[in-house]
Amino acid sequence: MNTALSWIKAYVPELECGDQEYTDAMTLTGTKVETFERLDKNLEKIYVGQIMSIERHPDADKLIICQVNLGTQKLQIVTGASNVKVGDKVPVVIDGGKVAGGHDGGALPEEGIVIKNGKLRGVESFGMMCSIEELGANRDMYPNAPEEGIYIFPEETEVDADAVDALGLRDTVFEYEITSNRVDCYSILGIAREAAATFDKPFIAPVVTVKENNEKIEDYISVEVKDQDLCSRYCARVCTNIKIAPSPEWMQRRLAASGIRPINNLVDITNYVMEEFGQPMHAFDLDTVAGKKIIVRRAKENEEFQTLDGQMRKLDSEILMICDAEKEIGIAGIMGGENSKITDNVKTVMFEAACFNGANIRKSAKRLGLRTDASGKFEKGLDPYNAEIAINRACQLIQELGCGEVVSGMVDVSISLKENTRIAFRPDRINQLLGTNVSIEDMQAIFKKIELGYDEKTNELVIPSFRQDLEGIADIAEEVARFYGYDKIPTTLPNGEATTGKMPFKLRIEEKARDIAEYCGFSQGYCYSFESPKVYDKLLLDSDDVLRNAIVISNPLGEDFSIMRTISLNGMLTSIATNYNRRNKSVRLYELGNVYLPKALPLKELPDERMQFTLGMYGDGDFFSMKGVVEEFFECVGMTKKVNYDPNANKNFLHPGRQANIIYDDAIVGYMGEVHPEVADNYGIGTKAYVAVLDMPNIISFATFERKYEGIAKYPAVTRDISMVVPKLILVGEIEKIITQRGGKILEDYKLFDIYEGEQIKEGFKSVAYSISFRAKDRTLEDNDVNAAMKKILNGLESMGIELRQ
Amino acid sequence: MKEKLEKIKAEALKQIEASNALEKLNEIKVNYLGKKGELTAVLKSMKDVAPEDRPKVGQLVNETRGEIEKVLDEAIKKMEKMKRELQMKAETIDVTLPAKKNNVGHRHPNTIALEEVERIFIGMGYEVVEGPEIETDYYNFEALNIPADHPAKDEQDTFYINEDFLLRTQTSGTQVHEMEKGKLPIRMLAPGRVFRSDEVDATHSPSFHQIEGLVIDKTITFADLKGTLAEFAKELFGEETKVKFRPHHFNFTEPSAEMDVTCFKCGGSGCRFCKGSGWIEILGCGMVHPNVLKMSNIDPEEYSGFAFGVGLERIALLKYEIDDMRLLYENDSRFLKQF
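If you read the protein sequences in the order shown, they are chains H and F.
Just so we're aligned, residue 460 is where the first sequence starts under the numbering used here, counting upward by one.
Just so we're aligned, residue 70 is where the second sequence starts under the numbering used here, counting upward by one.
Extracted from the complex, chain H is given alone in its bound form:
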C-alpha cells in the first residue's frame, strides 16, 4: 500500500517527524514501511515566476526569450517550449538550483540535474522554466499539465512563492507492508490511526455529514439480498443531477500518490473513499437499472457476462451477482457490468457499499482470473459497519465537490451485524505471556490510543468493529507489546524443566553417510523432489514398471515439476550431466533425499517417504571404487557382515553386465552399477558414469553404533594360497561363498590376489588365486587343522567344476 504522508497528516495534524523517524517508529509498532520516496527529491531553488514578455530569439526559430518576474528579481530565460504566453505563472529554477529529471520524462538521475546560467545560441539565460516531468512528477498526478511544455500554475498562485510547495510536492510517499490480519490498515484512516497511536498524537477522523435533497430513496431503488450467506450488508444511496468534471487537484494528487490515476470527479470519489476508508464502492448508472430494483444472488452456471472492461466472462453458480429486475449488472465485489457502467452522460448514480463474503470473492476472482482492487479488499473480510460511513462519505464528497445532489435516505440490508467482541481484561495474564511488568494504567493508556473500549462493570475490553483481528487475550497481549515496545520487553532464557538435546538415530546415520561419502571424495548435492514424467522414458523403465506409479501434483509449475519422484537417479544423472557439460573433470556427487512411494493411487493415505543415499561419479574410479564406498559406509555404521552382490538386478537403466543388487543379511538394501550407455546418451553424459543407490530405511534397520572389542589375536595365523582354473561363468562371489561356508571356525580371512584370463588358460576359463588365512583364538593351529579345512574347501570348489593348479 502506497500513501502520501500528507494524507495521513490530514487526520493526525499534530504529527511531525522525519521520514526515517516515521519509517522506524511505524515499523516497530507493526505497520512496516518498506520504502519511502520524497516527492521533492532534487528540487532546489524553484520559484513561481510570471512571464512579463516574450520575444523571438534572433538566431533560432524554435527558441523564445522570456522576461520573467520573480518578485525580488527579474530574469531573462530562453526556452524552447511553445506553450507559454505572457502572464503565465510558471515554475522557474534559478542559477545553482536543481531539477529532478529531463523533460522527456525518462528515468530520474540519482543526483538530479543542476541548472546554471548560460547562453542559448548567444542569448543569455538565467535559469529554466520547468515541465512537470522535470519536477519529477507526471501527468497522472497533474492531469492538467500540458502533454509537452512548461507547467502553468493556476492564476491565483502567488509570484515568488516556493513552486515545490505550490505544487504540493513537499511530501513523501510511503510504501507499507500490511499483514493480512489488519484489514483495517488497508486504508488511510487505519494507517493514520496507527500513526497517531505510535506517536501519541490525537487522531481526528473526518466528520461525515450528508446534505440531502427532498427526494426519497425509496422512489429510486429497492434492494433484495437473496443469497444472504454471501452478502452480510448491502448499502445503497442515490445521487442525482450528476455533473461529470475533473476532481479537485488535492484529490487527484492524493490518488496519484497512492498509484491511482485520476479520471473524473465521480470515479475519483469512489476510489478516494476506497482508499480512505478501505471500503470498495461501486457506482451504477441508475438509468440502466431496470425495475428500480437491485437483487443480490448467485449467477447461473455457464452464463456469460460482459464486465465494464469489455471482456466476456463465464460465470458459475458460486459467483455472486448484482442484478436488476431483469438482468445481471455486475459481478459482486469484483467488477461492474458493461451494461450499467458510468458514462460521461450519466445523470443519476446509485452507490453501492456492501460487505461480501471474503472467501467467496477470493475464489470467484481466482476462477474468473479477474482480481481487482475491490476484490483484493473484499477477500480479506471487511467490517460491515464500515460500509455505512463510507457510502455517506462518498455522498458528502459528491455534494461538497459540486458533483451532484444527494437523495435523502439510504437503503440498508443488513443480515446479521455482529455485536462488538468483548475480551476479559487480564493484566496478569498479559504480563505473564510477555514476561513484562507493564502496569494496568499503562495498558489502559495503550487501549485508549487504539480505541479499545473498557467496560468497568464487567472488566472487559470492548473491541471496535474495525479490529476484527482481536479475538482473545493473546491478541490483546500483542497490542500491549506493540505499543509498550517489543524492544523494551526483557530478554530471558526459558527456565523450567531441563531437557536433553537429541538427534534421532536416522539423522545420525545420515550424518555418517555424509561423512563417509565426503571422505571418499563425493560432494553433496541437492535435487528437486518433483520432476517430469518423461524421466521414466529417459531411464528406460518398462511401461508397467511400478516406479511409474508416481504421485501427481494437481497444480504443478509445469510438466517438468509435475510428479513426486519415485527414484532418485534422475536428479543425480541431471547433476552429473551438468558437470560433464561444463567440462568439470572427474566428478563425484552424493545426495540424501526422499522418494515418494504411494501406497495406492489416487492418494488416500500419506505415501511412504523413503530417504535415498545416492552416489554418482565419472572420471577417476570404476565399479569397484563405488563398491568400496558402499562397504566403507556399511562398516562405519556397524554393518560388518559380508556384503553380497547379485548381478541379476534387472535395472534397465544400468549396463546389463555391470550392475548388482547390494545385499546385506539377505535383504536388498540398494543397487549399483554403470549407467547404461543409452541412458547416458539421454542425459548427455559422454563418458562412463557409475551410480549407487542405498535405501536408507533398510540400512537403518541394520545399522548400529554399538561396538564390542574382540581382543587382538595372540596365536599365529596359517596362510595357504590356492590357484584355480575356473569356468568363466562362475563368479568369484561363488568361490568366496564356498570358502566361507566350508572354512570352519578357524577361517580368518581370504584375499583374491590374482585373476587372469588369456594365454596359457584354456578357452572359457579363468585363473583365480586366493590367499586363505586361518587362526584359532586359543591355540597355535596344527597342520592337521588347516589341512582338514582346506580339504573341505577344495572339495567344494572341485564339485563346482573348478580345477586346482599346482
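Hints listed in this document are in silico derivations from the structure and should not be mistaken for laboratory results.
Ideal placement from N, C-alpha and C gives every residue a C-beta, glycine not left out.
Treat the hints with care, since some could be wrong.
Stated by the list, open to error - According to the in silico footprint, chain H covers these stretches of chain F (three or more CB under 8 Å from chain H):
#, segment
1, 188-197
2, 284-291
3, 295-304
4, 311-317
5, 321-327
6, 397-405
Use these hints to put chain F onto chain H, whose structure you have.
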C-alpha cells in the same frame, strides 16, 4: 708382548685412519677384534706366557682392544653419519611440488548451515525431529489456525495432490505432530524440505528448506523467545550481532514478530548488502497461538510456548554471500568445492 700389542694397535689405528668406507671399517673390526682376529690370536697365545704374567698381559690385551674398539666405533659412527648425510643429500626433494590430496568431498552449504543451527539448539536442550513432506491439509493449515477458505492458504501458493493432500508449505506442521504426542515440556527443532509454487529464479525456488523451532512449557514468555533467539543469532553470526524484533502476523502465533539481525557485512552501519538499513531480516517467530495449543489438546491457560521458523537457504545465502539461489540445486562441483 707389549711392543707387539703396541704395534698391532698402531697398525689398526693407521688402517682405521686410512679407511674411507664403512665396509672397510667392518673388515678392520673383524681383522683385529673378531674371533679370528689378531687380538684374539694374542689371547690364544697366552698359553706361552708365564702364568704369573697372564693377568697383566690379559689386561694389556683388553686395554688395547678397548682402545681400538673405541676409535673404531667412533670412526664407524662418523662414517655412518657421513653416509646418511650423503644419502639424505641425494634424497632432497622439491617441497614446492604439488600435494597429493585425498580429494575429500564437500558438504553442501545448506547442510553446513543446518548442522550449525542444529548444534546451537541441541546445546540448548532441543530435540531434532522430522515430519512428512507430503502432508494433510489439517497439519499444514487447519491445526495451525489457518481454517478452510483462509486467504493465508492462497498467500502460500500451495502445491496440491488432491483435496486432502498437499506438499507442505512450511515445517510448522511438525509442531502439531510433536504436540499431539502429549509429552511435555517440548523443545524441538524440525528442519525439512518445504514447497511453494514459485518459479525458479535467483531468489526463489519451488522447493526450499525451513527449520522450525518449538518450545512449550508452563511459564514460557515472549521475553524467553527474545532471549533464546538473540543467543541463537550471536552463535550463528558472531558475538557482536544485535537483534531487533518487529511486530508481524502469523496465524499460528500471537503475539508474532519478525527478527532482524545487524548486517554481518557492515555491522549495522548500512551497506549495499543490507540495502542501507544496517539490518537483515532473518526469521519469523511468536508465542504459540492459544487456538493451536487447544487443537493439540494442550491447555493454553496452563502451558504457553514460542515457535520460530528460519529459512535455511536464506541463512546459507547470507552467510556464504551466494548471490543466486539456483546454484544450490545445480550441484556444479566448482560451486560445491568452495564449502
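Now for the hints, and whether the structure bears them out:
no.	hint	result
1	188-197	holds (count 8)
2	284-291	holds (count 7)
3	295-304	holds (count 5)
4	311-317	holds (count 5)
5	321-327	holds (count 4)
6	397-405	holds (count 8)
Hint compliance for this structure: every hint is met.
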